[in-house]
Amino acid sequence: MRASCILLCFLMFLAVSSAYPGKKKQYKPCKELVLYFHDIIYNGRNAANATSAIVAAPEGANLTILAGQFHFGNIVVFDDPITLDNNLHSPPVGRAQGMYIYDTKNTFTSWLGFSFSLNSTEHHGTISFIGADPIMVKTRDISVVGGTGDFFMHRGVATIATDAFEGEVYFRLKVDIKFYDCW
Amino acid sequence: MRASCILLCFLMFLAVSSAYPGKKKQYKPCKELVLYFHDIIYNGRNAANATSAIVAAPEGANLTILAGQFHFGNIVVFDDPITLDNNLHSPPVGRAQGMYIYDTKNTFTSWLGFSFSLNSTEHHGTISFIGADPIMVKTRDISVVGGTGDFFMHRGVATIATDAFEGEVYFRLKVDIKFYDCW
Amino acid sequence: MRASCILLCFLMFLAVSSAYPGKKKQYKPCKELVLYFHDIIYNGRNAANATSAIVAAPEGANLTILAGQFHFGNIVVFDDPITLDNNLHSPPVGRAQGMYIYDTKNTFTSWLGFSFSLNSTEHHGTISFIGADPIMVKTRDISVVGGTGDFFMHRGVATIATDAFEGEVYFRLKVDIKFYDCW
Numbered sequence: 001m002r003a004s005c006i007l008l009c010f011l012m013f014l015a016v017s018s019a020y021p022g023k024k025k026q027y028k029p030c031k032e033l034v035l036y037f038h039d040i041i042y043n044g045r046n047a048a049n050a051t052s053a054i055v056a057a058p059e060g061a062n063l064t065i066l067a068g069q070f071h072f073g074n075i076v077v078f079d080d081p082i083t084l085d086n087n088l089h090s091p092p093v094g095r096a097q098g099m100y101i102y103d104t105k106n107t108f109t110s111w112l113g114f115s116f117s118l119n120s121t122e123h124h125g126t127i128s129f130i131g132a133d134p135i136m137v138k139t140r141d142i143s144v145v146g147g148t149g150d151f152f153m154h155r156g157v158a159t160i161a162t163d164a165f166e167g168e169v170y171f172r173l174k175v176d177i178k179f180y181d182c183w
Numbered sequence: 001m002r003a004s005c006i007l008l009c010f011l012m013f014l015a016v017s018s019a020y021p022g023k024k025k026q027y028k029p030c031k032e033l034v035l036y037f038h039d040i041i042y043n044g045r046n047a048a049n050a051t052s053a054i055v056a057a058p059e060g061a062n063l064t065i066l067a068g069q070f071h072f073g074n075i076v077v078f079d080d081p082i083t084l085d086n087n088l089h090s091p092p093v094g095r096a097q098g099m100y101i102y103d104t105k106n107t108f109t110s111w112l113g114f115s116f117s118l119n120s121t122e123h124h125g126t127i128s129f130i131g132a133d134p135i136m137v138k139t140r141d142i143s144v145v146g147g148t149g150d151f152f153m154h155r156g157v158a159t160i161a162t163d164a165f166e167g168e169v170y171f172r173l174k175v176d177i178k179f180y181d182c183w
Numbered sequence: 001m002r003a004s005c006i007l008l009c010f011l012m013f014l015a016v017s018s019a020y021p022g023k024k025k026q027y028k029p030c031k032e033l034v035l036y037f038h039d040i041i042y043n044g045r046n047a048a049n050a051t052s053a054i055v056a057a058p059e060g061a062n063l064t065i066l067a068g069q070f071h072f073g074n075i076v077v078f079d080d081p082i083t084l085d086n087n088l089h090s091p092p093v094g095r096a097q098g099m100y101i102y103d104t105k106n107t108f109t110s111w112l113g114f115s116f117s118l119n120s121t122e123h124h125g126t127i128s129f130i131g132a133d134p135i136m137v138k139t140r141d142i143s144v145v146g147g148t149g150d151f152f153m154h155r156g157v158a159t160i161a162t163d164a165f166e167g168e169v170y171f172r173l174k175v176d177i178k179f180y181d182c183w
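Protein chains in written order, with this note's numbering: chain C, 1 to 183; chain U, 1 to 183; chain Y, 1 to 183.
Because the hints were derived from the structure by calculation, they are not lab data. Being a predicted model, the structure only gives us computed values, none of them experimental. Treat each hint with caution, since some may be false.
[As the list claims (entries may be wrong)] Pairs of lysine to any residue residues, derived as SDA-like cross-links and limited to a Cα-Cα distance of at most 25 Å, are as follows:
1. LYS31/U with ASP150/C
2. LYS105/Y with ALA47/U
3. LYS178/U with CYS30/C
4. LYS31/Y with TYR180/C
5. LYS178/Y with CYS182/C
6. LYS105/Y with CYS182/U
7. LYS31/U with TRP183/C
8. LYS28/C with ASN46/Y
9. LYS105/C with TRP183/Y
10. LYS138/U with ASN119/C
11. LYS138/Y with VAL169/U
12. LYS174/Y with PHE152/U
13. LYS105/C with SER120/Y
14. LYS31/C with PRO29/U
15. LYS138/C with VAL169/Y
16. LYS105/U with LYS28/C
17. LYS178/U with TYR180/Y
18. LYS105/Y with LEU88/U
19. LYS31/U with PRO29/Y
20. LYS174/Y with MET153/U
21. LYS178/Y with LEU88/U
22. LYS105/Y with ASP39/U
23. LYS105/Y with HIS124/U
24. LYS31/C with LYS105/Y
25. LYS178/C with CYS182/U
26. LYS138/U with SER120/C
27. LYS28/C with PHE179/Y
28. LYS28/C with ASN49/Y
29. LYS105/C with ASN49/Y
30. LYS28/Y with CYS182/U
31. LYS178/Y with TYR27/C
32. LYS105/C with VAL169/Y
33. LYS31/Y with TYR27/C
34. LYS178/C with CYS182/Y
35. LYS138/U with PHE152/C
36. LYS138/U with GLY125/C
37. LYS105/U with PRO92/C
38. LYS105/C with PRO81/Y
Using the sequences and the accompanying hints, generate a full structural model.
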């Protein structure tokens with residue numbers, strides 16, 4: 001019996017020892033949300049329904065048309081509706097607000113800094129995102145760096161996919177948010 | 001005695017098992033700071049004491065007056081004094097540096113990306129913030145996404161309140177920073 | 001023997017009790033990377049090899065020359081090569097993409113928001129950074145707020161040093177990235 005207790009102690013010790021590294025290796029999300037957001041860039045003719053605007057551009061470019069050289073240097077500010085499905089006209093569950101920066105001269109990539117403000121029967125709170133977005137890649141991961149409300153102190157990884165686009169005016173992004181630190 | 005040892009083992013196991021989820025439910029801050037910062041927007045006539053400037057605007061707007069449509073598309077860069085109380089003329093304990101973006105067309109909301117650089121007898125280090133700021137709401141939460149120095153690796157939530165404003169030139173923000181991950 | 005088991009239990013309990021605070025006090029990085037990136041600001045004459053561009057400026061300034069008053073209000077968007085050593089012409093292991101904002105009127109400081117996209121035999125993934133950068137200080141710390149791929153969920157602190165500069169056109173930054181939360 002003494003031996004069994006020592007064995008138990010030893011097994012517990014193993015369990016405990018692995019508990020912390022175990023957290024480190026836990027790649028199963030503690031929460032997951034799949035949402036869509038819809039970006040309609042102002043192009044000089046769609047003021048009524050545009051949800052974003054070019055607000056900065058490099059020398060020689062203007063604020064109505066995205067700049068040449070893969071839009072390098074454009075900063076776009078947006079306030080886009082978030083929906084549960086891929087329909088722009090579905091009732092929004094919140095707004096995606098922030099900016100993206102076209103930051104490469106020889107392909108389309110952007111740098112994203114934005115937050116989701118969710119306000120629905122299911123979710124109330126904010127989720128903040130930061131990351132490099134190689135737009136031409138089918139799915140790309142950015143970092144979920146913080147949250148408030150229902151997403152208090154959450155962290156994770158969001159996988160973004162361009163679900164649809166029309167010219168350079170409408171973009172629909174599918175965002176698969178996986179939280180790995182949920183509090 | 002053997003039984004008691006096994007009981008002890010079992011209790012320990014329970015304690016250990018709950019330790020990690022326990023961290024997850026710990027909503028009591030490990031550190032808290034209440035600070036004020038003071039933003040004086042350049043309006044074309046106050047160059048000497050302005051602490052921020054409009055640096056980007058949508059098509060048709062200019063950089064002296066905040067844009068129409070709830071300033072949608074304006075990016076403001078700031079370097080504001082931080083004080084311990086609500087007096088602009090109190091000795092600053094650091095600087096709030098970064099930017100805010102007016103990002104909604106039908107109300108006042110902004111997206112914030114900034115850092116506090118604290119340098120006083122009490123605190124030395126930086127705290128970085130990201131988040132959506134629905135300005136018209138009395139208090140709103142943003143994420144504290146990182147820190148250095150005294151705030152090494154800290155994370156938390158900051159509650160912002162507009163403590164005072166004068167026209168569209170002076171804003172005083174009260175920031176209640178609650179750290180939940182203190183290292 | 002019973003006593004020794006109890007002693008063992010007690011020691012284990014101590015070990016476990018200190019394990020969690022132990023994490024909190026663990027200042028030894030779990031991973032470290034030292035990388036260089038190279039920023040060549042567009043100045044109106046170097047379009048071919050410039051890696052960054054001024055895209056926003058305060059009233060009265062332009063987008064070709066950095067603004068007066070310590071460049072206060074300039075936003076620079078960049079897409080800079082990352083190298084393993086301090087040679088601009090070494091094979092790049094990735095790109096540093098994002099923006100910096102000159103945010104002080106009486107000295108050179110900037111606010112950084114950017115990501116490293118690493119894509120080499122050794123590293124594949126992104127690392128995102130946020131922070132205040134008092135440029136004139138020899139080394140300054142910013143926050144590593146998230147990562148993807150090989151740097152999944154990582155957090156840490158990055159120490160930046162200006163390794164070299166030529167006028168206001170070329171800057172080489174050395175970045176010592178210390179991760180303290182590695183997953």
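Given pair status - HIS124/U, LYS105/Y, alpha carbons within 25 Å: holds, 22 Å
Tell me if the straight-line CA distance from LYS105/Y to LEU88/U falls inside 25 Å. Within the cut-off at roughly 18 Å; holds.
Need the status of pair LYS28/C, ASN46/Y: alpha-carbon distance at most 25 Å? violated, 48 Å
Hinted pair LYS105/Y and ASP39/U, Cα distance within 25 Å: holds, 14 Å
Are LYS105/Y and ALA47/U close enough, with their CA atoms no more than 25 Å apart? holds, 10 Å
Run the distance test for LYS31/C versus LYS105/Y: straight-line Cα separation, threshold 25 Å. violated, 44 Å
Does the structure keep LYS178/C and CYS182/U at a Cα separation of 25 Å or less? Satisfied, since the Cα-Cα distance of roughly 24 Å is no more than 25 Å.
What's the verdict on LYS31/U and TRP183/C, does the C-alpha distance respect the 25 Å limit or exceed it? holds, 17 Å
Between LYS105/C and VAL169/Y, does the CA-CA distance stay at or below 25 Å? holds, 18 Å
Taking 25 Å as the top limit, are the C-alpha atoms of LYS138/U and SER120/C close enough? holds, 20 Å
Given pair status - CYS182/U, LYS105/Y, alpha carbons within 25 Å: The given pair, whose Cα atoms are some 32 Å apart, is violated under the 25 Å limit.
Is LYS138/U close enough to PHE152/C, meaning Cα to Cα at most 25 Å? holds, 19 Å
The structure does not agree with the numbered hints 6, 8, 9, 11, 15, 16, 21, 24 and 28 stated previously, though it agrees with the rest.
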